[in-house]
Amino acid sequence: MAISEGNPTMSVLCAGSRIKRLLAVTAAILFAAAPLSLSTAEAAHAATTPGASVPFTEYLAASNATTNGTVLPAGYRLGTLQAEATGRQAVELTAQGQYVQFTLTSSANAVDIHYAIPDSSSGGGLTEPLDLYAGGTLSTALSLTSNYSWLYGAYPYSNTPSVGEPGGTSGSEVPHDFYNDVRYIFPQTLAQGTVVKLQVDSGDAAPWYAIDTADFETVAPIAQPPGYISATAAPYDADPTGANDSTSALQNAINAASSAGEGLYLPQGTYKVSSPLNVDNVTIEGAGEWYTTLTGSNVEFSGNQNPASTNVNVSNLALFGQVDTRDNSSSANTGFNGGFSNSTINQVWIQNEKSGIFDLGPATGLTAENMRIQDLTADGINLDAANGAVTGSTIQNNFLRNTGDDGIALWSQSYADTSDTVTQNTVDSPNLANNLGVYGGGSGDQITNNLLQDTVEYGGGIEIAQNYGAVAFSGTLTVSGNELVRTGQFDPGWDYGTGAIWIYPAQANMSSTINITGNTILDSPYEAFMFQNSNHYSGSATLTAPNTGYSVTGVSIQNNTVTNVGTFVFQDQAPGSATVSGTTATGVGDAGIFTCGSGFTLNQGSGDSGFTSTACAMPTASPLWVYPGPTTFQGATVGQSTSAQQVAIMNTSSAATTLGTISASSGFSVQRDPTYPCGSSLDAAAVTDAASWCMVDVTFTPAAAGTTIGTLSVASSQSTTATLQLIGTATGSSGGGSTDLALNKSVTASTATSGFPASNAVDGNTGSYWESTDGSWPATLTVDLGASDALGSVTIALPSGWPTRTQTLSVLGSTDGSSWTTLVGSATYTWSSSNSNDVSITLPSGSNDRYVELNFTANNVQNGAQVAELGVYA
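Counting in the numbering used here, the sequence shown tops out at residue 1350, every number present.
Hints may be right or wrong, so weigh each one.
Each pair of labels, with its calculated beta carbon distance range [said to hold, decoys possible]:
id: 1; residue 1: N544; residue 2: N1023; range: 15 to 25 angstroms
id: 2; residue 1: P1150; residue 2: L1019; range: 47 to 57 angstroms
id: 3; residue 1: S1119; residue 2: P663; range: 39 to 49 angstroms
id: 4; residue 1: Q1116; residue 2: T542; range: 36 to 46 angstroms
id: 5; residue 1: D1165; residue 2: Q1080; range: 34 to 44 angstroms
These are computed hints drawn from the structure, not numbers from a lab. Predicted model, so just to flag it, every value in this text is computed and none were measured. Yeah, the Cβ is synthetic: ideal placement off N, Cα and C, and Gly gets one too.
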């Protein structure tokens, strides 16, 4: 659930995390798995194997591929690429020719890539290509975008770039939410053993690319079932090309199918919608998740409420929204929103929406299964009993990744979720809150056999809480057979870790039966089990327990396995008690049990092992937290310093940490931040102590055009030096001069389109430009500098708002205007938002000419050469 601190009100879709100011933490163990291949053929094992049985084979770029790029080291720090990646690692590509490639272990004809690229400097996102090869042949240039990524500031966040206080006053002020997905169907089926490669080529102009996973599968379209009406047939005539808005046509077809008791088929295609589609007593089927796509400004199936829609069955299609931020004042942009009884949502792909499913009740008998839900700004699936109880519903065999809040939640907001089952789901990398949350509830809810991985911020693997105004727990809640991998994070609102499974009586005592049985907790960066006091310890060095607070009783923890925890097996901070038996722990970081007089009793039975030791201290050894990483400088000019970017440094340990030298590698400079300057030390992590963190300002002064990779290093009394990656891209003069020798000089061109003369290219205004006549290749633009000079570089700018394009050209020089020397041979260059539509070309040493000529032979967008400004520098 995500709400501002101290504000008890929330909108319908404001669910999934608590806002407590949190950051991530480094753990020693990284779980590196073989490619995840949970095909439908393995369904027979589903009862015992946690997680969804999915139709694809997942390859982790960091461990199931080969690369000549950089495998980023394991990292759990919020504000870094690794923290949000499956397995806490990714592959980074930063230069032409760098690649990551996957060798298929089974045949496939489609792939979904989970990736990140930088935001634009203004926060509007970049869109850049990345070339995809199969068997050594270029298949396509994938279009990657950060338009639906990168959030900043305090919750519920914005698109305005900033770096702020860890946790801020009402939520994280750390840049985050870096990843998105792109999918592609190959023109042919690729055989087992085929090498599929993502490679940075000359037209791929993002400063860096991070590749997390590649999901390969075999897909085929589904034909129209007998007896179904078609949404594209008369009289409905929905447009499958995506050119025209099909909202009315689809709604008319839905209404007709419902009235006639017939099914509705959505043929292959893309359907543009602009408002929710109302559904009741209707079956809707597409040609498949890869073949039928609904997209637009408000992509949603809306169910009735009081009473709920019934007998709604939607399958085999995809919902792709256009959501780039989170608006908690509206319930719009939710894949399925409202009430759904006796209904099934099956094999539906939901991406770039606010939320996936919100069933608001009263409703019974909803089944959501075999879905793929990813890249949201709020919850994945939430049974939110806001308007009535949600009962007898099943959430099963779904794959969720990079949700913007809880992956899956049972929220008994006003009525009790009762006899609901959440089973066999995989939830990876929720970007805010928990993989799975249970907030209040009735009897009979079951959380079983789920695979929960890589919590990013504000949560753990499973949270069980009396919070957000939820009705009191009653009856029995069962949590069994789940596998929790690398779940839980450091919380800067409390300044200690959140557990893999944690119980939180935030607003009332919890006394109903909670059975936590047969779960596996692996590589938790902090504690395995946590009982959190409603009156919170405050600060990592605070050991005096609050003397008041709501209590927890009725919890039974049996036959669980804990392997590799960063701190404790049990962190007991709430009054109350729990029973534990048959639970084993190995690889314990600090002590078996953290206890500091909270009034909690852990009643141990037989079969326990590995957690007999106790402690009343949070870790004093904890690496500094430095963010954001990478810090990226785009479109810098050679020889000129960029504007400063802030980098935050925080102590996450329970003891003061001495700061040593803070330095940056060549090309980058670091200075004291005037507002939050770093001193000689940082205090122990504490909620209200501004001296536990500081900032430095980093600038980039490129020595040459191209990409510079550097490092910010922060030495301290901790055992390791904290580092942060710096990446800068540069255009402009590389000869050291700052004066444009071509400005307002005499210029000629081989041809010019009417209204776009050659003089536009040297008038100092990038809003005007020269353009050669269509098809007049080669096209030349020649400037007379007035006298020979030692030349260092030329720059070629296009209007700043133009979309990405490439042009192929060579650069020639002459002392007399008649005898020419090729200074730079023909090459293809890319103009894009990542380099401010300004390309710099370094000239060879010894260039000394009066005339400079550009010779163009191609433009991939316009059938002529284009130059807004030609700059020549000494």
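Each hint tested on the structure:
The beta-carbon spacing between N544 and N1023, approximately 59 angstroms, falls outside the hinted interval of 15 to 25 angstroms. At about 36 angstroms, the beta-carbon gap between P1150 and L1019 misses the expected band of 47 to 57 angstroms. A C-beta distance of roughly 45 angstroms is found between S1119 and P663, which places it inside the suggested range of 39 to 49 angstroms. Checked against the given bound of 36 to 46 angstroms, the beta carbons of Q1116 and T542, roughly 38 angstroms apart, stay inside it.
For D1165 and Q1080, the hinted distance range of 34 to 44 angstroms is satisfied, since their beta carbons lie about 36 angstroms from each other.
Hint violations for this structure: numbers 1 and 2, all remaining hints satisfied.
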